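So the protein lines, in turn, are chains U and R.
Quick note on our numbering: the first sequence kicks off at 1 and runs consecutively.
Quick note on our numbering: the second sequence kicks off at 1 and runs consecutively.
Hints in this document: simulated from the structure, not taken from any laboratory.
All values reported here derive from a predicted model rather than from experimental measurement.
Be careful, since some hints might not be right.
Okay, the calculated beta carbon distance ranges per label pair [said to hold, decoys possible]:
hint: 1; chain 1: U; residue 1: R288; chain 2: R; residue 2: W357; range: 49 to 55 Å
hint: 2; chain 1: U; residue 1: F149; chain 2: R; residue 2: K364; range: 54 to 60 Å
hint: 3; chain 1: R; residue 1: G238; chain 2: U; residue 2: A323; range: 57 to 63 Å
hint: 4; chain 1: U; residue 1: L5; chain 2: R; residue 2: P193; range: 37 to 43 Å
hint: 5; chain 1: U; residue 1: T67; chain 2: R; residue 2: G60; range: 40 to 46 Å
hint: 6; chain 1: U; residue 1: F149; chain 2: R; residue 2: L401; range: 47 to 53 Å
hint: 7; chain 1: U; residue 1: G14; chain 2: R; residue 2: R479; range: 32 to 38 Å
C-beta: ideal position from N, C-alpha, C; glycine also.
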Amino acid sequence: MSMQLRASPHLHSGRDVPTIMRHVVYALLPICAFSVWQYGLSSLALIVTVTLSCLAAERISNKLSGTVNTLSDWSATITGVLLALTLPPAFPLWMGAVAGFAAVWLGKSLFGGLGHNPFNPALVGRAFVQAAFPTAITTWAPAFTAHRFTEFIPSSLTLPLMQPNDISSWVASNMVDGFTGATPLARWKFEHFVYPVQDMITGAASASTGETSALLLMVCGLYLIARKFMDWRIPVAVVGSALILALAFRVFGGDEYPPAHLVLLSGGLMLGALFMATDMATSPVSPRAVWAYGAIIGTVTIMIRYFGGLTEGVMYAILFGNALAPLLDKYLQPNVFGARKK
Amino acid sequence: MDQPVYSEAGSAKGFSLLPAPPAHLPLVEGSKSSHGLASLFSFWRRGSFKRGVHPAPHKGTLDQPIKRMPFPRKLILPLAQHIGKPSVPLVAVGEEVARGQLIARCDGTLSAPIHAPADGVIEAITPRPNTRGAWTDAIVLRVYEASTQEVRCNIPQDIDEMDQAQLITAIQQIGMVGLGGAAFPSHAKLNVPADKQVHTLIVNGCECEPYLTCDYKLMREWPKELMAGIRIALRASGASRAIIGVEDNKLDAMEAIRPHLPQDGSITLQSVATKYPQGAEKMLIKSLLGLNVPSGGLPSQLGLVVHNVGTLALLGRLLPLGQGLIERVVTLAGPGIKRPGDYWIPFGTTLRSILEWAGDPDCKEREVILGGPMMGQAASTLDIPVSKGTSGILVFDKRMLEPITKQSWACIHCSECVNACPMGLNPSQLGMLSAKLEFDEMAEHYHLGDCFECGCCSYVCPSHIPLVQQFRAAKAFLRERKPL
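Could you build all of it, start to finish, from the sequences and the hints given here?
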């Protein structure tokens, strides 16, 4: 007979960190499957390579820092899958592996692991390769090529430390009609071309591996929201602020600015708003700070897309929001019950 | 700025109206809100408070009536069963006492007397473990084997003839204390200072802790006594109306009470959301009246006094009979209990004798909890007696303890604790500060003092960080350094 002594509460909701993280991975799986269906082997190999490199990086840093094995908390898996989804499908696999190591080491381990990282690790990884391999990360491949399940996009298999060869001849040999190798956002920026909505939903538009179908992203996000694994306020604030600004620019600024649906459905806005900005470790906790954080990300995205040199702005907007999160939390603390107003 | 200012529902204007309300004041004060938009949606918040958690109720003992168990052979009666000064023994070792006889008198105004829970002989007056496990002076009573359950040592009194001061004294003399858990002497709570005024008595029928059913059963079985107790409390405090707040999952308790409500509307019944911690004073006031008790303040600042249904039911029963408080209803539940249910248990009955009779002998590794699972204390020894503040005895087995003992992780800022804290604190931030021992910062900038230790933060934390446990330690540290 032994008596256990514990301080109250003696009950627990039963939810733990690995459960939350595992469900995020589940929610990402349909998006991965869709991208494999679109791009075939290259996409599958990219997702697997990046995820494995993240797991390897995590395990190595565990060993180096002498901590427990943290692979079981699933957070490195999320980083890997998310990072792969933000990379272009034709991205050389070895560069994907570099991105994975950069994400986990620079983005997370350096700060002390899960919960201590100020920036979203997947985005740190992507920012790293965007700076390191500017050409490869803007080389887009066409979706639904005939032999996608039997052969790789040639650039995927580039030898380590080598730059990929130009894939335009491969694109031409696949005879994809109307493929321009530019994303909807770039085509708007440089040609004022409005992509058809159905292309941006069915995955026919050029884009990163996981951002081709805004609709699918929303469905997967809704699953996490319904299971309470995601703070619904963040995507609502990000998308809402982006939508309001896009409408305002379109209404008051005229045709110089893109239509609102292009802003919402293109690029990484949905992927970023639903799966990156909502990263728990790097978003604020207090309700008012969460709204402000989302609104800042939406606004900065629009500002970069409309007035910056880049066509896409979600990544830097989220990293900017991550940097502000602790400050927002500090100045926008929750309203304390019965507290005197200052 | 001495006048309390309310953050949401009650504006400063609302406050000036409060001390003397008409008897049938509309219950929801949200319409007086200073926030124009917020008042539009106040109906949403009616009967509830913000945030909180929904633990599984586990109220498996509900269907049975309140039962009795045999007297134990020995009773251990700590002299300090209540908040305030310990009682002073009036009996000597070897003296025979009868069930209901006064055996220790109160010492001053904030104190309560003790009556003998059974016929027997005083064996010793010596330090014994009290409910918290600390060794304090206690009267040890050896119970006669043929001791009857009947109480003979009482003088019925006509309470209708008493004035306010006499009522307060009479309530103190029967040893009445708050039975919700804090064991604050009831008469002291009802004794409103001359410069203050109480207009509404809130009757707390929200047994929001999982497993516990003792209040529920008293409401169901003793509605008449409850009404009598409410009338006594109304007269003693000078309040003009009473509101009974019952969680909306206790339908048959409400059905039992409703026929006994007076026609004049002075006592009303209101259902509130079933949510933990609905039974906390501040949360219940928010749910019933939409008022925020100011930070660091007491309900009496709003002209309110809150009493537990169990306290008032026993008050209504015992005061007219002039009988001392010698036993209470205690919920026995949990996987390590073989005979779960609600029992009248005389004070001083040790956990050992209760578990010998009701416990599961096969339960090897166990945790014995006094009170509810969210705020109750684990017992360090089975020699601890049931005292006036013990509402439940739960025995958890190994299976129940596992989820808490598993691994913990660093805070991942998931904000579950922020979305659970009924007081609107930031437990995540407080937890990080307490890990760095920044206790002053916690108290000064993060409202540590407003935490009433309901445990919602620790309950939801997916990283299994012992948040409320750390806050308790931080508060104890600050208390010790700065004695009040």
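Which hints, by number, does the structure contradict?
No hint contradicted; all consistent.
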